[in-house]
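With the hints as extra help, turn the sequences into a complete structure.
Protein chains in written order, with the working numbering: chain A, 1 to 493; chain B, 1 to 485.
Derived from the structure by calculation, the hints contain no laboratory data.
From a predicted model like this one, the values you see are computed outputs, not experimental measurements.
One should not assume that every hint holds.
[To be verified] Cβ-to-Cβ under 10 Å is the rule here; a few derived chain A residues that face chain B:
id, residue
1, C80
2, L93
3, S196
4, A202
5, S205
6, E313
7, S315
8, R320
9, E338
10, M339
11, K342
12, G366
13, Y368
14, T474
Idealized CB from N, CA, C, for every residue including glycine.
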Amino acid sequence: MSAAPATVAALAADLAAGKVSAVELATGALKRAEASTLNAFITLDPDRTLAEARAADALRASGKAGPLTGVPFAQKDIFCAEGWRTTAGSKMLGDFVAPYDATVVARGKAAGLVTIGRANMDEFAMGSSNENSAFGAVRNPWDMARVPGGSSGGSAAAVAAGIVPAATGTDTGGSIRQPASFCGITGIKPTYGVVSRYGMIAYASSLDQGGPMARTAQDCALLLNAMAGFDERDATSLQRAPEDYARDLERPLDGLRIGVPTGWLGDGVAPDVRAAVEDGLAQLETLGARRVEVSLPHAQYAIAAYYVIAPAEASSNLSRYDGVRYGHRAAQYTDLAEMYAKSRAEGFGAEVRRRILVGTYVLSAGYYDAYYLKAQQVRRLIAQDFAAAFEACDVIAGPVAPTVAYKLGEKTADPVQMYLGDVFTTLVNLAGLPALSAPCGFGEAGMPVGLQLIGDYFAEARLLNVAHRLQQATDHHLKTPPDASVAAAGGAA
Amino acid sequence: MSAANWEVVIGLETHVQLSTVSKIFSGASTAFGAEPNRQACAVDMALPGVLPVMNAAAVDKAIAFGLAIGAHIAPRSVFARKNYFYPDLPKGYQISQFEIPVVQGGSIAIQVGEGDKEYSKRVELTRAHLEEDAGKSLHEDFHGMSGIDLNRAGTPLLEIVTEPVMTSSAEAVAYARALHALVMWIGICDGNMQEGSFRCDANVSVRRPGEPLGTRREIKNLNSFRFLQQAIDYEIRWQIEQIEDGHTIQQATVLFDPDSGETRMMRSKEDAHDYRYFPDPDLPPLVIDPARIEAVKAGMPELPAAMQARFVVDYGLSDYDAGQLTASLDTARYFEEVVAAAGAAQAKPAANWVMGEVAARLNREEKAIASSPVSPPQLAGVLARVADNTISNNIARKVFEALWNGEGESADAIIEAQGLKQVTDASAIEPIIDEVLAANPQSVAEFKAGKEKAFNALVGQVMKASRGKASPAQVNELLRRKLEG
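So this is what it looks like as structure tokens:
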């Protein structure tokens with residue numbers, strides 16, 4: 001195995017010390033991205049990237065650099081960025097160039113972060129394997145025959161392979177945490193409302209939340225500092241005082257109560273994953289934490305509720321892709337109805353069409369109460385379960401996914417099998433809580449396993465603290481894929 | 001058909017465009033008449049990733065309306081998505097309120113009919129809710145294609161829904177007029193019906209007395225009071241004919257064609273959309289606390305009913321006059337400013353002038369009273385000179401006309417400059433009378449023969465000779481004394 005690529009923190013220090021320039025870092029990252037066979041990027045635009053890098057260097061030269069100015073990263077192709085093709089992984093938006101910046105993009109610009117490219121993803125963030133991208137599947141750098149997870153699969157693969165030190169992701173039902181787990185990196189989904197959704201192409205509005213993905217918890221904290229904050233253009237954004245998510249990183253874990261939900265390490269989890277998660281928990285106990293059992297009695301209904309609510313919102317959110325104002329329009333049609341039908345049938349992939357159909361069905365007259373309202377009730381019960389659990393513990397821990405990354409094509413024939421992989425993640429979005437995935441070991445075929453840490457509302461700093469202490473005591477996060485030749489080419493930059 | 005055997009039931013849904021500067025969920029301007037799509041921002045165009053943010057000014061206007069009709073202002077109301085596809089509906093859904101509207105209940109008093117047949121009635125409202133308007137589809141001038149203008153998309157609307165309590169087109173029109181006056185009075189809508197700021201949908205059904213409600217048909221998008229009346233009258237006749245011919249009424253949405261005066265089917269119940277309403281996850285519930293309601297109340301003008309009652313008490317006006325003067329807030333304000341300048345003793349003449357000369361003159365030039373060329377203090381100046389006999393009512397109209405045309409700054413300046421002061425000096429009038437008598441021997445003879453008409457002709461001649469400046473009463477007296485003396 002080769003040396004671990006540099007972290008955000010290390011690159012930031014080098015940039016500050018003048019040891020390297022943003023242009024040099026961007027050039028290296030671009031080279032790696034172009035040489036990579038992972039298909040982690042949908043769009044690379046070296047001119048734009050280098051312009052951003054030059055702007056970052058100029059900012060530093062003028063003495064106005066922030067802590068992350070000049071750091072390269074991959075932007076999930078779901079955040080609208082002015083001048084960048086923004087596809088959301090869909091043919092529907094195959095030629096859509098965003099005319100405005102998402103709030104996350106604007107904040108990244110203000111911080112001087114340099115966009116290396118637009119990370120591949122499942123179409124409209126619908127998927128758990130990144131096989132639903134109209135721009136082709138992404139491969140897992142730990143095993144090119146396996147999926148990187150999804151929907152933020154391109155982001156996870158690019159970070160794991162050392163192409164970039166960090167990436168943005170979005171998480172509606174696990175789309176940051178599960179690919180982070182599958183690719184052996186760290187990723188955090190903040191409390192709903194902490195990161196603005198303005199300009200982040202909507203999948204399921206009440207569940208979507210952006211967040212950072214990087215090698216370490218510390219890097220995630222630094223990036224979250226740049227991404228988070230109230231935004232008046234997002235009515236669901238929370239008005240809170242700015243906080244430093246890195247402030248508690250070094251806090252000792254003595255007395256920390258870690259709740260493990262009943263049944264979360266039972267038969268529903270593959271033995272290799274169970275063993276790695278148990279290792280992680282044991283490590284935290286060594287660091288002073290105390291393990292307690294908690295109960296989430298309604299968690300078993302989370303997948304069902306999620307696959308009602310998310311498609312319901314998606315069916316409405318995706319109505320705007322009608323071929324009228326932008327996006328794909330069928331070449332030939334005889335009337336308006338046919339224009340809609342053909343444009344949408346051609347523009348959307350199979351999984352997106354499936355979820356639109358499901359969502360339309362559950363919102364229909366006569367079915368709304370039985371499905372949508374019932375799912376909302378489940379949602380409240382799950383939130384109540386968590387509230388009760390957090391009376392007895394400070395942080396909840398468990399697996400992210402029941403297995404390590406599976407083979408490409410292994411689950412594409414049976415969508416329900418794919419959905420069941422979200423058993424430990426969707427409930428967190430339903431409750432709106434923060435959660436992260438941090439590497440805790442390796443399982444079958446040497447594939448990485450992530451430990452999920454779930455916190456109470458606004459406990460991001462605490463979660464990152466726990467993950468950081470774990471990462472100080474272990475080296476799982478420093479391991480790189482067996483064939484990291486691509487990464488090594490410019491890893492130290 | 002025999003309409004007398006039928007009862008008519010009408011409910012109205014009115015879309016009132018709220019006069020906010022920017023749109024209901026975006027910062028784009030709401031001004032009418034811009035180049036197509038120049039007032040549609042990223043949010044209005046429903047670009048990927050954009051989000052709606054509630055315009056607080058639209059909420060305050062909804063609250064003001066609720067207060068004006070004595071409704072319940074919901075402390076928590078919910079925005080929902082109404083899903084359907086149409087090219088001028090950019091998001092593929094309209095943000096509206098469905099289960100929990102912001103304004104609930106309330107009522108509006110109406111006066112229906114004229115003279116002996118006039119009666120008053122109170123129309124109960126079901127609700128009023130906030131929603132966004134759609135854009136416009138343009139089907140002409142595009143040669144087989146359609147144009148989409150999204151300037152109107154996202155314009156704030158208050159949809160005001162009555163109970164099915166009106167029983168004739170006259171009641172429906174009286175309600176629509178009262179509502180129209182009210183929303184302009186409280187300043188939440190410009191009332192411009194040509195530009196679509198105030199549009200009515202009428203739900204009409206008929207039944208035989210004692211029977212349950214008949215099946216209704218909804219007439220969409222009536223943008224004048226005349227069309228509202230014509231459409232309802234046609235629809236009533238049509239429904240009665242259908243039933244009397246043995247048909248049943250099918251629930252439907254219809255359009256009124258002003259050219260033919262008929263309604264025609266737009267879509268039947270079978271074609272009705274399933275709108276798949278659900279709470280909009282992009283917008284938190286609209287929470288309105290009592291302090292906000294109080295703040296809106298403090299900024300509201302006195303309501304028309306209260307002002308009408310006050311005019312009767314304070315100024316000794318008749319109910320009718322007070323009602324006329326409070327037909328619009330601008331008229332009422334103009335009147336009160338005249339009285340403030342002229343004194344309360346001049347209230348009755350002020351009322352007559354505002355409803356008479358001022359209204360007629362404004363009408364003729366299609367001007368609004370707020371931009372009347374004759375200001376309230378100027379009119380008060382005219383009234384003062386009539387009151388102290390400086391000028392007659394006839395001359396007063398001349399002075400008013402001169403003020404209207406900008407011939408002088410004040411009544412006094414014009415009277416002075418144009419020498420319009422009433423002549424009350426008998427020694428100045430007597431020579432004129434003598435001349436007139438000498439020049440009209442025939443009239444004098446007729447008068448002496450007992451023809452009173454001839455006297456009036458002579459008065460007219462004297463007034464004319466004095467160029468209107470003589471006091472008519474004085475001319476009368478002097479002339480009669482001379483002829484009879």
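These are the hints, each one checked on the structure:
no.: 1; hint: C80; in the structure: 5 Å, holds
no.: 2; hint: L93; in the structure: 7 Å, holds
no.: 3; hint: S196; in the structure: 9 Å, holds
no.: 4; hint: A202; in the structure: 7 Å, holds
no.: 5; hint: S205; in the structure: 4 Å, holds
no.: 6; hint: E313; in the structure: 6 Å, holds
no.: 7; hint: S315; in the structure: 8 Å, holds
no.: 8; hint: R320; in the structure: 4 Å, holds
no.: 9; hint: E338; in the structure: 12 Å, violated
no.: 10; hint: M339; in the structure: 9 Å, holds
no.: 11; hint: K342; in the structure: 13 Å, violated
no.: 12; hint: G366; in the structure: 9 Å, holds
no.: 13; hint: Y368; in the structure: 7 Å, holds
no.: 14; hint: T474; in the structure: 38 Å, violated
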